[in-house]
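Protein chains: 2
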Amino acid sequence: MTISLNSPLDMHLHLRDQEMLKVVAPLSAEIFAGAVIMPNLVPPITTIEVLESYRDRIVESIGDSKFAPWMTLFFKSDYDREFLESAKEHIKAIKLYPAGITTNSEGGVSGIDPKSLAQTLGAMSDLGIPLLVHGESNGFVMDREKEFGAVYAQLAEAFPDLKIVMEHITTKESAKLLERYENLYATITLHHLLITLDDVAGGMLQPHLFCKPIAKRPEDREALLRLALEAHPKVMFGSDSAPHPQSAKESYGCAAGVFTAPIALQALTGLFEAHNALDHIQAFVSDNAQSIYGVKPPQKIVTLEKKPFEVPDNYGEVVPMFAADVLEWSIQSID
Amino acid sequence: MTISLNSPLDMHLHLRDQEMLKVVAPLSAEIFAGAVIMPNLVPPITTIEVLESYRDRIVESIGDSKFAPWMTLFFKSDYDREFLESAKEHIKAIKLYPAGITTNSEGGVSGIDPKSLAQTLGAMSDLGIPLLVHGESNGFVMDREKEFGAVYAQLAEAFPDLKIVMEHITTKESAKLLERYENLYATITLHHLLITLDDVAGGMLQPHLFCKPIAKRPEDREALLRLALEAHPKVMFGSDSAPHPQSAKESYGCAAGVFTAPIALQALTGLFEAHNALDHIQAFVSDNAQSIYGVKPPQKIVTLEKKPFEVPDNYGEVVPMFAADVLEWSIQSID
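Chains as they are written, first to last, in our numbering: chain F, 1 to 335; chain B, 1 to 335.
Do not rely on the hints blindly, as some may be mistaken.
No more than 30 angstroms apart at the CA atoms, straight line, and that leaves these computed lysine-lysine pairs for DSSO-like [stated by the list, open to error]:
(1) B:Lys115 x B:Lys306
(2) F:Lys146 x B:Lys176
(3) B:Lys306 x B:Lys66
(4) F:Lys176 x B:Lys22
(5) F:Lys66 x F:Lys307
(6) B:Lys296 x B:Lys76
(7) F:Lys296 x F:Lys306
(8) F:Lys176 x F:Lys146
(9) F:Lys66 x F:Lys296
(10) B:Lys234 x F:Lys172
(11) B:Lys296 x B:Lys66
(12) F:Lys146 x B:Lys172
(13) F:Lys115 x F:Lys66
(14) F:Lys66 x F:Lys88
(15) F:Lys66 x F:Lys176
(16) B:Lys76 x F:Lys172
(17) F:Lys172 x B:Lys22
(18) B:Lys22 x B:Lys66
(19) B:Lys306 x B:Lys76
(20) B:Lys115 x B:Lys88
(21) B:Lys146 x B:Lys66
(22) B:Lys172 x F:Lys176
(23) F:Lys234 x F:Lys296
(24) F:Lys146 x B:Lys22
Bear in mind the hints are in silico, worked out from the structure with no lab data behind them.
Bear in mind the structure is a predicted one, so any value in this text is a computation, not a measurement.
Using the sequences plus the hints, can you model the full thing?
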């Protein structure tokens with residue numbers, strides 16, 4: 001039994017830089033046709049020079065893979081229209097982080113409201129540049145995304161022509177927001193389709209499943225699963241694959257992030273098969289994203305077969321989700 | 001400014017065994033006048049011989065401290081009346097663990113219902129032996145204690161003369177159960193008065209605050225705090241102080257438990273002072289427990305003064321709560 005995916009895309013990816021980039025970028029570039037690359041480096045990417053230099057390092061690290069690295073800028077409220085006009089041809093979106101909410105987001109926005117962000121958001125709306133948002137308040141950990149819903153609503157209402165992507169949604173409330181505002185879209189990760197807080201802290205602490213936003217309740221996972229399995233047209237796969245060295249995960253003060261890039265397509269195929277939804281996986285991992293972003297990725301056929309895939313213990317220093325476990329689907333060929 | 005506590009008691013304490021016992025038992029014995037000692041060793045304590053031998057090791061490890069180690073048996077559904085009659089003079093209570101719910105509870109009870117436990121519970125009720133319960137279902141981690149409420153209700157109704165202590169309660173629902181059933185009591189830990197899930201997993205993972213039951217929501221903590229600060233007569237302090245070596249806490253698959261015994265009285269005094277409730281601390285840390293259990297501890301006056309206490313980085317291999325932090329109250333004298 002096989003299934004072929006046409007140009008699978010990862011619409012939310014962390015590639016980091018330097019040695020880590022060299023380890024992880026080839027893994028994504030091999031099996032995906034394109035990815036939206038997050039800009040939260042240290043310092044964050046806020047100029048075209050820095051962005052193009054980062055793109056060069058990505059391209060260099062992936063060799064001759066057919067892979068489009070779609071670049072993003074780190075949101076600033078004082079980008080001017082002229083800058084954004086010139087930036088437009090270099091980027092696919094701009095990513096907004098509330099200050100301090102996740103890895104390398106210290107330079108993010110404090111106190112998000114549409115008025116104080118109007119200069120940048122107004123220009124983005126006019127220029128057709130999507131806004132990607134890490135949507136969490138600074139409240140109680142299980143309520144952060146739900147509380148941020150009010151901000152999504154304000155942004156969606158204030159800028160009705162701006163495409164706003166709720167990144168890595170984790171709650172049933174976010175799923176509902178998709179229906180309420182025409183200009184809201186969402187990415188969903190692999191891990192939030194599979195785990196709840198139980199998997200992180202219900203038995204022993206599982207640092208490799210600790211991420212932000214943290215995995216929520218069973219009914220939240222169910223809501224996400226419904227969206228993904230029906231390939232809701234406003235929803236795209238975005239792995240939020242976030243590599244950290246094993247030493248930073250398995251020690252005091254564990255860093256947040258789950259590394260899924262090299263195992264995501266195999267695991268997603270198993271998940272969609274288990275729910276008799278294989279006819280929707282193409283839309284979830286590629287077609288929806290092409291429509292929402294208006295992008296045309298390189299042609300790449302990834303064929304998976306139902307044959308055991310022994311997930312490695314690690315990729316370089318990084319431990320993947322399902323490390324040393326066996327998935328039911330493996331990659332047969334890439335053309 | 002000073003406050004004197006008359007025979008402070010810790011009604012839920014883990015002393016472990018062997019080398020760990022020698023490190024932690026003297027710390028409790030120095031500043032508490034008595035403690036209820038948990039029986040979840042490996043193997044669990046289910047005979048009088050094993051229990052008395054454990055008591056001997058405890059007594060040996062604490063030297064000449066005035067400290068009553070109140071022993072408990074690990075609950076089994078097939079204890080017979082004759083055994084319990086002979087056990088009564090050796091123990092203060094019997095502790096029930098649902099199977100597999102926390103450290104060394106593999107031999108606990110599967111499927112708790114009053115009928116299948118009637119042999120032991122009926123005899124305990126007749127003999128006046130309190131039942132202590134780790135009250136968690138095997139459901140979603142944030143719901144386990146709330147779900148167990150139905151079991152508490154069944155047990156309380158089926159054995160109205162049995163004193164049942166809901167150990168280390170963490171939810172507002174458990175607080176309400178106290179009012180509903182005359183024969184339900186509760187212990188509350190220090191850490192559940194201070195932290196929520198935010199402190200465990202809201203920033204980086206904090207293994208030293210990872211415990212079972214896991215810390216819950218802000219409104220849950222508030223409910224516990226109200227009970228403690230008013231020294232509700234059905235509520236007692238029980239630290240659930242649970243030492244693990246630093247290496248077992250700060251590594252992959254972190255063990256559950258917070259080590260608070262040597263810093264609990266200092267932190268509690270600060271907490272009660274901050275809420276203008278110092279006139280209730282004596283009841284919370286001793287008097288209520290004496291009434292509920294009908295025990296008379298050794299006489300011991302512990303005087304605390306408002307003077308900075310620099311909490312050590314560690315006690316032997318064990319890292320305490322507030323390690324390397326400074327508390328506002330310290331112990332001035334013990335008589």
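> So which of those numbered hints doesn't the model satisfy?
Replying inline: Hints 1, 4, 10, 13, 15, 16, 17, 19, 21 and 24 are the ones this structure does not satisfy, whereas the remaining hints hold.
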